[in-house]
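Undergrad: The listed protein sequences derive, respectively, from chains X and A.
Heads up: the first sequence runs through residues 288 to 622, numbered per this note's numbering.
Heads up: the second sequence runs through residues 288 to 622, numbered per this note's numbering.
If you're looking for bench data, these hints aren't it; they were derived computationally from the structure.
Be aware that one or more of the hints could be misleading.
Simulated crosslink set (DSS-like; lysine-lysine; CA at most 25 Å straight-line) [unchecked claim]: (1) X/Lys598 to A/Lys511; (2) X/Lys592 to A/Lys504; (3) A/Lys519 to X/Lys504; (4) A/Lys378 to A/Lys519; (5) A/Lys519 to X/Lys511; (6) A/Lys402 to A/Lys443; (7) X/Lys504 to A/Lys592; (8) X/Lys511 to A/Lys592; (9) A/Lys564 to X/Lys429; (10) A/Lys586 to A/Lys598.
Just so you know, these numbers come straight off a predicted model, no measurement behind them.
There are 2 protein chains.
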Amino acid sequence: MLGLNTQTSWRGLVALLLVLPMLAQAADELPSWNDGPSRQAIVEFVQAVTSEGSKDYVPVAERIAVFDNDGTLWSEQPMYFQLLFALSEVKRLAPQHPEWKTEQPFKAVLENDQKTLAASGMEGLMKIVGATHTGISTATFKENAERWLASAKHPKSTKPFTEMVFQPMLELLDYLRANGFKTYIVSGGEVEFMRVFAEEVYGIPPEQVIGTTFVTKFQDQDGKYSILREPKLALNDDGPGKPVSIQSVIGRRPIFAFGNSDGDLQMLQWTTAGEGKRFAGIVHHTDAKREWAYDRDSKIGRLDKALDAAKAQDWTVVDMAGEWKNIHPFELNQP
Amino acid sequence: MLGLNTQTSWRGLVALLLVLPMLAQAADELPSWNDGPSRQAIVEFVQAVTSEGSKDYVPVAERIAVFDNDGTLWSEQPMYFQLLFALSEVKRLAPQHPEWKTEQPFKAVLENDQKTLAASGMEGLMKIVGATHTGISTATFKENAERWLASAKHPKSTKPFTEMVFQPMLELLDYLRANGFKTYIVSGGEVEFMRVFAEEVYGIPPEQVIGTTFVTKFQDQDGKYSILREPKLALNDDGPGKPVSIQSVIGRRPIFAFGNSDGDLQMLQWTTAGEGKRFAGIVHHTDAKREWAYDRDSKIGRLDKALDAAKAQDWTVVDMAGEWKNIHPFELNQP
Chain X
288 MLGLNTQTSW RGLVALLLVL PMLAQAADEL PSWNDGPSRQ AIVEFVQAVT SEGSKDYVPV
348 AERIAVFDND GTLWSEQPMY FQLLFALSEV KRLAPQHPEW KTEQPFKAVL ENDQKTLAAS
408 GMEGLMKIVG ATHTGISTAT FKENAERWLA SAKHPKSTKP FTEMVFQPML ELLDYLRANG
468 FKTYIVSGGE VEFMRVFAEE VYGIPPEQVI GTTFVTKFQD QDGKYSILRE PKLALNDDGP
528 GKPVSIQSVI GRRPIFAFGN SDGDLQMLQW TTAGEGKRFA GIVHHTDAKR EWAYDRDSKI
588 GRLDKALDAA KAQDWTVVDM AGEWKNIHPF ELNQP
Chain A
288 MLGLNTQTSW RGLVALLLVL PMLAQAADEL PSWNDGPSRQ AIVEFVQAVT SEGSKDYVPV
348 AERIAVFDND GTLWSEQPMY FQLLFALSEV KRLAPQHPEW KTEQPFKAVL ENDQKTLAAS
408 GMEGLMKIVG ATHTGISTAT FKENAERWLA SAKHPKSTKP FTEMVFQPML ELLDYLRANG
468 FKTYIVSGGE VEFMRVFAEE VYGIPPEQVI GTTFVTKFQD QDGKYSILRE PKLALNDDGP
528 GKPVSIQSVI GRRPIFAFGN SDGDLQMLQW TTAGEGKRFA GIVHHTDAKR EWAYDRDSKI
588 GRLDKALDAA KAQDWTVVDM AGEWKNIHPF ELNQP
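Using the sequences and the accompanying hints, generate a full structural model.
TA: Structure, rendered in structure tokens:
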């Protein structure tokens, strides 16, 4: 009996030694995550679905991971960065539109009249987005977005917007890809805007960026071809629009999803309702000092119903203040 | 001088010897293609864009190849296979729809009345497609398409439809992928129908299948989630719809495109209008004996304007009768 027990213990020790390097590797790959419940849940999930012979094993082709962008991969305060781009474009384009001096909501943008701008509501917003995002070719829009991203600075950090990304999430993207996952963005942001920086900043190529889309039209002008963006939404990739776009573009149900707001609820529900082991994560903005703290009452990135769902269904909720050692990459260089 | 010449000749010979294995490999990889102009153009293109240091070199990430499906990757006669599926579904569903016994175009389908069916035109067709392809979840539609594909036989060959694929094109897909290309379907066929067989038959995963789409809706029925297909087209992925869907889903311009009909013209134009070396190919159905012969006057897969464009712009036009040793895989086993 003693012999058998010893043998069993040895087996256990050998198994442990075989597993230890994997755990250590995972720790190396998520260095900005404290060893809290979120990091543990991520590592446990990835090891379960990637270990051959595991009952939870998932073939590489089906390892689809989807991420919201605003508030999940980069900050979204004091307002969505794409909206700041749209406001900046109104100012850049104003000389070509003298009528904007008297026409709302453009007048309010040009005069920095926040109150009137806010009062213009969704209708005013759509006018601004339409005037700055449509009526031009995809090639021209890309140039406009590139120009802005290359020079614009975040109003609080004064850093380029592409540096307002979350270091722990960059590490998570890398960790998943190193484990055979295909990483996608599924965001309410407009698809061509995100494609301008997603490959360089997140390592996510254009064909893995899904977002809100405008109706577009192929144009043939005497053999010169272009794709015109029309002022009509094709898909609002928010809320129930997210499972719809996932099925339309990917055609597979993800096994891993990360969001931060009620706009991600249906994506998280759709992901976790599939068969087999699934992961749903929520970035909870709890860090007023290093980033922002907001949830149930926020106008931007409201997290209310999805927070209740997370608690009821035991989804992973990341406490940004407590679980992230660093927030943005530039803070890594702080003394 | 003689010495220099000899040295130069030796250099040429060495270079030739280095290139020969590559050419030989290409020949091995496209065994169903005769050594005609199409095969030569394909191999020359692939070698140019994949040879590091070549002025035409294209990085792996940008090696996007797009293929039409009906008439390009599989046959499309005597009518589009998806239409045969729709007609079969009308018959299967008829017991649940007693009203179809008197309602056109369903009555015509049930009575095999081809004349009345043809006379019902596009409006009749959309009724049939709507009744068989929409009002159900994506999961149910997938089951229906799988059931049909598993049992239905082609009326002429009596082979399963998934065997009506073109052996030379299967080899071309493999050859491109072996050279770092990402292969996509961009077809007028409905996206979820093609996804049922594209991975197994073509090696093309669901997320690389682009097609005609219906508007879909996320449904939450007491925590049971599904995606409902509504009887409204979201995108008709034909003609000018093809560059639109390519930009929307892939977000990059392909460098290689293959089609067979006027519905592929804009995809070929959009592909070849990009900078750098590009390839446009057309399958010309010239083989009445082994497949079908049709082009300018055909109702299905009409090839007229695209054939003119191909001649004007020196695109590759595959003479099926003269350039393909085999058409369908099952013919490989013929004595």
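Undergrad: If a hint holds in the structure, say so; if it does not, say that too.
TA: Results for each hint:
A threshold of 25 Å between alpha carbons decides the hint, and for X/Lys598 with A/Lys511 the separation of about 19 Å falls inside it, so the pair holds. With a C-alpha separation of about 20 Å, the suggested pair X/Lys592 and A/Lys504 falls inside the 25 Å cut-off, and the hint holds. Annotation: proposed proximity of A/Lys519 to X/Lys504 holds, straight-line Cα distance about 19 Å (limit 25 Å). Note on A/Lys378 and A/Lys519: the hinted pairing holds, with a Cα-Cα distance of about 22 Å set against a maximum of 25 Å.
Restraint check for A/Lys519 and X/Lys511: the C-alpha separation of about 31 Å exceeds 25 Å, so the hint is violated. Taking the CA atoms of A/Lys402 and A/Lys443, the gap is about 20 Å. The hint holds against a cut of 25 Å. As the CA atoms of X/Lys504 and A/Lys592 are separated by approximately 20 Å, the hinted pair is consistent with the 25 Å bound. For the hint linking X/Lys511 to A/Lys592, the alpha-carbon distance of about 17 Å falls within 25 Å, and the restraint holds.
Taking the CA atoms of A/Lys564 and X/Lys429, the gap is near 22 Å; set against the 25 Å cutoff, the hint holds. Among the hinted pairs, A/Lys586 with A/Lys598 is consistent with the structure: their alpha-carbon atoms are about 22 Å apart, no more than 25 Å.
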